[in-house]
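Protein chains in written order, with this note's numbering: chain A, 1 to 181; chain B, 1 to 254.
You may find that some hints are simply not true.
[Unchecked claim] Only pairs whose alpha carbons sit at most 20 Å apart, straight line, appear in this in silico DMTMM-like list of lysine to aspartate or glutamate:
1. B:K70 / A:D49
2. A:K90 / A:E18
3. B:K188 / B:E239
4. B:K164 / B:E228
5. A:K90 / A:E53
6. A:K90 / A:D27
7. A:K134 / A:E148
8. B:K70 / A:E48
9. A:K90 / A:E148
10. B:K70 / A:D20
11. B:K70 / A:E148
12. B:K70 / A:E53
13. B:K209 / B:E239
14. B:K201 / B:E237
15. B:K70 / A:D27
16. A:K90 / A:E48
17. B:K164 / B:E119
18. A:K134 / A:D110
19. B:K70 / A:E24
20. B:K188 / B:E237
21. B:K201 / B:E228
None of these hints come from the bench; they were simulated from the model.
Keep in mind the model is a prediction, meaning the values are calculated, not measured.
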Amino acid sequence: MPGTPADAALIARLRSGEPDAMAELYDRYSPLVYAVALRVLADTGAAEDVLQEVFMQLWRHPASFDARRGSLGPWLAVIARHRAIDTLRKRRPQTDLEDVVIAIEADLEDSAERARAVEQVRASLHAMPEQQRKALEMAFFEGMTHTEIAAKTGEPLGTVKTRIRAALTALRRALNPGGKG
Amino acid sequence: MTAHEQFAEDLALYALGSLGGEAVDSVERHLEECAACRQELARLEGDMALLALTTSGPAPPQRARQRLVKALGREPRSLRTVLMRRRWWTLAPVFASLVLAIFAILLWRENARQRDRMEALRADAAHNQAMIEEAKHLLGLLTDPSAMHVTLVAAQSKPQPAGKAIYMPRNGALVFMASNLPPLAPAKTYELWLMPMRGDKPMPAGTFKPDPQGNAMLMMPPMTAGVEARTFAVTIEPEGGSATPTMPMVLVGS
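Isolated chain B (complex conformation) (with noise of 0.2 Å):
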């Protein structure tokens, strides 16, 4: 036998049927990865065959040839393909005409449900734009170069450097303006700091310069949402921001 040694003894029991428990799985995997084993087996199936012609007797009575001639009569296959073949032709129109009706009304349905979604979707859109708009001349306004920004103090007093932080703490929204800063040395930079309420570390919200006339502007810097500020500060921090702020502070909040 060709087959390998340790497969050889279940591998003739296995072609016999005379294998039972887990050993048929084992035999089955190494069967499957294993054409030596499976050429092994088909030898063993002939010499099991061969067993078989060994076997002799009467002949089959003539009943049952009659019985398979019946029941091949029964069991007109080609026949029975024709007549299915033909059955499905007939009716293949009236299911087509079927199917289109119910897929009109499918249709129709969901385009008058996408219409009416499509004039709710329409006025929404129209809502948007004009918050859009308004949203965007706001916006120019604040950030506009060429915007005249002038700020009012007690009269007969000197302009001093004034900020003013809108925070919203919910979403971490910040936008901060100042006035009347003094211009930075070199490499330096404003930097704005968050307080928070429950006395932690100040947190960094931005580096920031002014331009030449002293006003500086800060929109919305990455922060974390659901922090509550006491106060918001600046400091003067070297060029890139800082991890802690640096005294003094330029500007504080009341």
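Only chain A is shown next, with the shape it has when bound in the complex (with noise of 0.2 Å):
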């Protein structure tokens, strides 16, 4: 972000413990974490709860977050995404926030490039047969297990897994055109 301190600097003053800090990197990222939460949970309220948890949670635990394991909007947006199936599924929280790493080719700080990533996810979840899209949405946003989707659609365990299989490598394919992946 041009202009603006990086994101590591910001994680550096929070754990000299800096409330600015806090503030600035709320800013940049709470539409992130909410937009997530929302997504998965479809009721603003609880949307909310967890864009409290999250930030608190990087707040008292800065540390969790090691830039060498990612950039920090997409760390978050997955930690988010957890939270979220967490409450979704009204169990206790089931990732450690030391636990998620995260490798991404493009570099997600720029905005240009995080721009043309996303864009080209959408693109190729467009792209993609419906079921297939549909099978990895249950998944992702839905926190929903492979034996439940394969139940709510009636259809096999196995065709269950291929799609989402698929779907995952088609979106690889879309982020990395001439990559191995």
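Please dock the two separately framed chains into a single complex, following the hints provided.
Shown next, in the form of structure tokens:
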């Protein structure tokens, strides 16, 4: 983000307990965290709770984010999804913040590159067979297990598994057209 | 996908959190030992993150920001650390004095107890020392080659070979003394035998050679405890002793 402090610098200030750094990070990433939570939960109150929880966790454990493990935005998006699904399934948090390691080739701190990557993912979702996309969305946004998806759609378990994997492979190809993935 | 093919499908489901049951354990075990699959999982998480980034919608309401600011105000992380530190240092001397006082009382009590125990031990030690001195004195007399050994027999009869065994079956302690033993041929030895009460085979109880005057002593040879003896006997055996006695018997208990 040109003209603004890098995420790493904000995290460093957060570690020394500066509330201003927290405010800046919130303004930068709360729309993303909230959007993910709202998409999963479809309930503004519950999404606000997740938003609050994710940022409180970051405040309490700023060391849990390690820049070597990925950039902050995607990391927060993944954490938001995990927490939203935990809320949806009324269970205790299943994932430790420290356990989430993210590898993305695109430089997502660069807004142009981020926009391009997001556009590629959207296009790939749009292009894939509907059943494939639906299987992926049920797993990703609704947090359903493949067994639950099979029960809901009436399809064999193996088909559901294959569809989900095919959808992820298509996503990977869209993001790395020349890559090996 | 570069992960191991047999795990690729499960790994994708695992990243999504859609895998259940034993398959989760199996994937996690594999991840622990496979760097390639860990890398693939990180890439899958990256795909998930990008998928999450495609979501868009209304901005969070202003009240959410206020709520967070309020919660942060209630949780002054750095301030609390400072306060906790200050409290600790303020109370440290009190704790230290308290701990010292308790420690001093405990030490004083322990000291008195140890003094009593030491007195008792000192008395025990003196008694033991006296007994040891007496035993050493007795042993010295029995084993000293310069001590005079005199065998008394009925007047006007020739001294005959004789032996005396003192045996305690409970702990297998044995002392054997013999006198007037004829000298041995080269490569021969005397051997003492325990004749068990229940008619079992004679048990070797040690070999010995007499001095030029025909006196010999065998003290505390290694014996099995708890064997009742009917009597003892002495035979002449080849050097080193035998497993069974060779007849005739030189001496036998009455």
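Hint by hint, here is what the structure shows:
With a C-alpha separation of about 14 Å, the suggested pair K70 of chain B and D49 of chain A falls inside the 20 Å cut-off, and the hint holds. Straight-line distance between C-alpha atoms of K90 of chain A and E18 of chain A comes to about 33 Å, which puts the hinted pair past the 20 Å bound. Taken as a hint, the K188 of chain B and E239 of chain B pair is honoured in the structure, with Cα atoms around 5 Å apart against an allowance of 20 Å. Restraint check: the Cα-Cα separation between K164 of chain B and E228 of chain B comes to about 17 Å, which is no more than 20 Å; the hinted pair holds.
At roughly 15 Å between alpha-carbon atoms, K90 of chain A and E53 of chain A fall within 20 Å of each other, so this suggested pair holds. For a cut-off of 20 Å, the pair hint linking K90 of chain A to D27 of chain A is broken: about 28 Å separates their Cα positions. At roughly 13 Å between alpha-carbon atoms, K134 of chain A and E148 of chain A fall within 20 Å of each other, so this suggested pair holds. Distance check on the hinted pair: K70 of chain B and E48 of chain A sit about 14 Å apart at the alpha-carbon level, within 20 Å; holds.
The straight-line distance between the Cα atoms of K90 of chain A and E148 of chain A is roughly 16 Å, inside the 20 Å bound, and the hint therefore holds. Distance check on the hinted pair: K70 of chain B and D20 of chain A sit about 13 Å apart at the alpha-carbon level, within 20 Å; holds. The suggested pairing of K70 of chain B with E148 of chain A is violated, with an alpha-carbon distance near 40 Å, which exceeds 20 Å. A C-alpha spacing of about 13 Å is found between K70 of chain B and E53 of chain A, which places the hinted pair at or below 20 Å, so the restraint holds.
Annotation: proposed proximity of K209 of chain B to E239 of chain B holds, straight-line Cα distance about 10 Å (limit 20 Å). Annotation: proposed proximity of K201 of chain B to E237 of chain B holds, straight-line Cα distance about 17 Å (limit 20 Å). A hinted pair counts as satisfied when its Cα atoms are at most 20 Å apart, and K70 of chain B with D27 of chain A qualifies at roughly 16 Å. A C-alpha spacing of about 16 Å is found between K90 of chain A and E48 of chain A, which places the hinted pair at or below 20 Å, so the restraint holds.
At roughly 43 Å between alpha-carbon atoms, K164 of chain B and E119 of chain B are farther apart than 20 Å, so this suggested pair is violated. Between K134 of chain A and D110 of chain A the alpha-carbon distance is near 30 Å, which puts this suggested pair outside the 20 Å criterion. At roughly 16 Å between alpha-carbon atoms, K70 of chain B and E24 of chain A fall within 20 Å of each other, so this suggested pair holds. Of the supplied pair hints, the one linking K188 of chain B and E237 of chain B holds, its CA atoms being roughly 6 Å apart against a limit of 20 Å.
Taken as a hint, the K201 of chain B and E228 of chain B pair is honoured in the structure, with Cα atoms around 13 Å apart against an allowance of 20 Å.
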